[in-house]
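Trainee: In case you want the letters, here they are:
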Amino acid sequence: MQTDSSRKRGAESRTGGSVSPYRYPDGFWEGVPVGLGYFLVSFGFGITAVGQGLRFLEALLISMTNMTSAGQVAGVTVMMTAGTILEMILTQLVINARYSLMGISLTQKLDSHCSTPRRLLMSFGITDEIYALAVSKPCPVGPSYFYGLMTAPYLGWTLGTLFGALAGQVFPENVRMAFGIMIFAMFIAIILPPMRRDRGILLTVFLAAALSCLVAFLPALRFISEGFSIILCAVVAAAAMAFFKPLPALKDEEGGREE
Amino acid sequence: MRIEYVWYLLAMAVTTYLIRMIPFTLFRKKIRSTFARSFFYYIPYAVLSAMTFPAIFNSTGNVWSASAGVAVAILLAYFRRSLLTVALASCAAAFLVSLLPMI
Chain P
0 MQTDSSRKRG AESRTGGSVS PYRYPDGFWE GVPVGLGYFL VSFGFGITAV
50 GQGLRFLEAL LISMTNMTSA GQVAGVTVMM TAGTILEMIL TQLVINARYS
100 LMGISLTQKL DSHCSTPRRL LMSFGITDEI YALAVSKPCP VGPSYFYGLM
150 TAPYLGWTLG TLFGALAGQV FPENVRMAFG IMIFAMFIAI ILPPMRRDRG
200 ILLTVFLAAA LSCLVAFLPA LRFISEGFSI ILCAVVAAAA MAFFKPLPAL
250 KDEEGGREE
Chain G
0 MRIEYVWYLL AMAVTTYLIR MIPFTLFRKK IRSTFARSFF YYIPYAVLSA
50 MTFPAIFNST GNVWSASAGV AVAILLAYFR RSLLTVALAS CAAAFLVSLL
100 PMI
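Protein chains in written order, with numbering that gives the first Met the number 0: chain P, 0 to 258; chain G, 0 to 102.
Everything labelled a hint here was simulated from the structure, so no lab data went into it. Just so you know, even glycine gets a beta-carbon here, dropped at the ideal spot from N, CA and C. Some clues are possibly wrong.
[What the hints assert, rightly or not] To give an idea of the chain P side of the interface with chain G (calculated C-beta under 8 Å), a few residues:
(1) 184
(2) 210
(3) 219
(4) 220
(5) 224
(6) 245
Model the full structure from these sequences, guided by the hints.
Mentor: Next up, the structure:
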């Protein structure tokens with residue numbers, strides 16, 4: 000393990016030593032492609048949400064206060080099946096738990112301008128894609144760059160739901176029904192390419208889908224609500240895969256133990 | 000805006016925000032547990048999969064039009080078409096099948 004002084008120095012170089020070279024416009028332009036992608040996914044969410052019975056403003060508010068696709072779709076399921084508030088909280092906890100890990104990972108990358116009040120605002124922008132962009136920068140990142148990175152995705156996400164919810168209301172019945180599949184088709188587009196690359200992900204997807212179908216179709220398991228089913232199946236599948244096909248152990252560069 | 004949904008919306012927004020905010024503001028160490036790292040690596044895919052299946056088959060109100068949409072989505076996603084292509088083609092397939100007279 001490190002001595003006290005070296006650990007302190009390590010902490011300084013992570014959070015105190017340097018100032019990010021990236022400015023707001025750098026982040027903004029990097030975020031534009033993500034914002035366009037978010038517009039599409041969020042458009043699908045808007046249509047699905049209104050199709051399931053949510054009002055325009057309710058769908059829009061969900062997107063403006065969450066900015067997360069899977070959590071929002073599952074949240075609408077809980078609302079439409081009249082689930083409990085506890086069910087809603089647990090659903091969001093499980094589905095969005097990865098943001099905690101990303102947040103932790105991102106703290107190792109921040110410059111000295113990232114005070115606690117600024118982190119409170121920055122943390123709202125932690126999503127899969129924004130995290131991926133920020134964490135892959137060669138130099139430390141600061142608040143203005145990160146705000147830039149958040150801007151286009153947030154606008155895309157909000158406007159997408161706005162237009163999707165409107166489209167859900169103006170299109171004729173049969174077109175609207177067909178649009179209901181859009182966000183699920185996008186989920187397939189997101190999970191399939193990594194399934195081809197990584198056997199662990201492939202098995203995870205099959206296991207979770209099999210469990211989910213089991214819960215949906217076995218009469219003995221009917222008492223499990225749809226919202227809880229998502230949590231249950233996902234946790235069991237991911238835990239089983241983490242047990243049977245774990246990632247390689249971390250490289251031992253910091254004196255931690257090898258497993 | 001219906002009043003009974005305010006609590007759902009609040010619970011959702013506050014939970015999601017706290018999940019992002021608390022570790023990002025407070026955490027200073029690195030997660031080393033192989034099991035925890037593996038679990039967090041797999042969980043997004045598990046969630047998306049559990050959410051998509053079998054719900055996608057009910058997403059259009061008709062299991063045949065939905066099945067057509069699923070088949071097209073899987074085929075195009077397998078060949079790494081863009082998100083937009085997969086989404087629109089899947090909707091189009093579901094829509095066309097729903098027009099068939101016997102469906």
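Trainee: Next step is simple, just say for each hint if it's right about the structure.
Mentor: Quick rundown of the hints versus the structure:
1. The beta carbon of residue 184 of chain P is positioned within 8 Å of a beta carbon in chain G (closest approach about 4 Å), and the interface hint is therefore held.
2. Checking residue 210 of chain P against chain G: minimum C-beta separation of about 7 Å stays under 8 Å; hint holds.
3. Hint status for residue 219 of chain P relative to chain G: violated, with the closest Cβ pair at about 17 Å, above 8 Å.
4. Taking 8 Å as the C-beta contact cut-off toward chain G, the hint placing residue 220 of chain P at the interface is violated, the least distance being around 13 Å.
5. Nearest Cβ of chain G to the Cβ of residue 224 of chain P: about 13 Å, over the 8 Å cut. The hint is violated.
6. The beta carbon of residue 245 of chain P comes within 4 Å of a beta carbon in chain G, closer than 8 Å, and the hint placing it at the interface holds.
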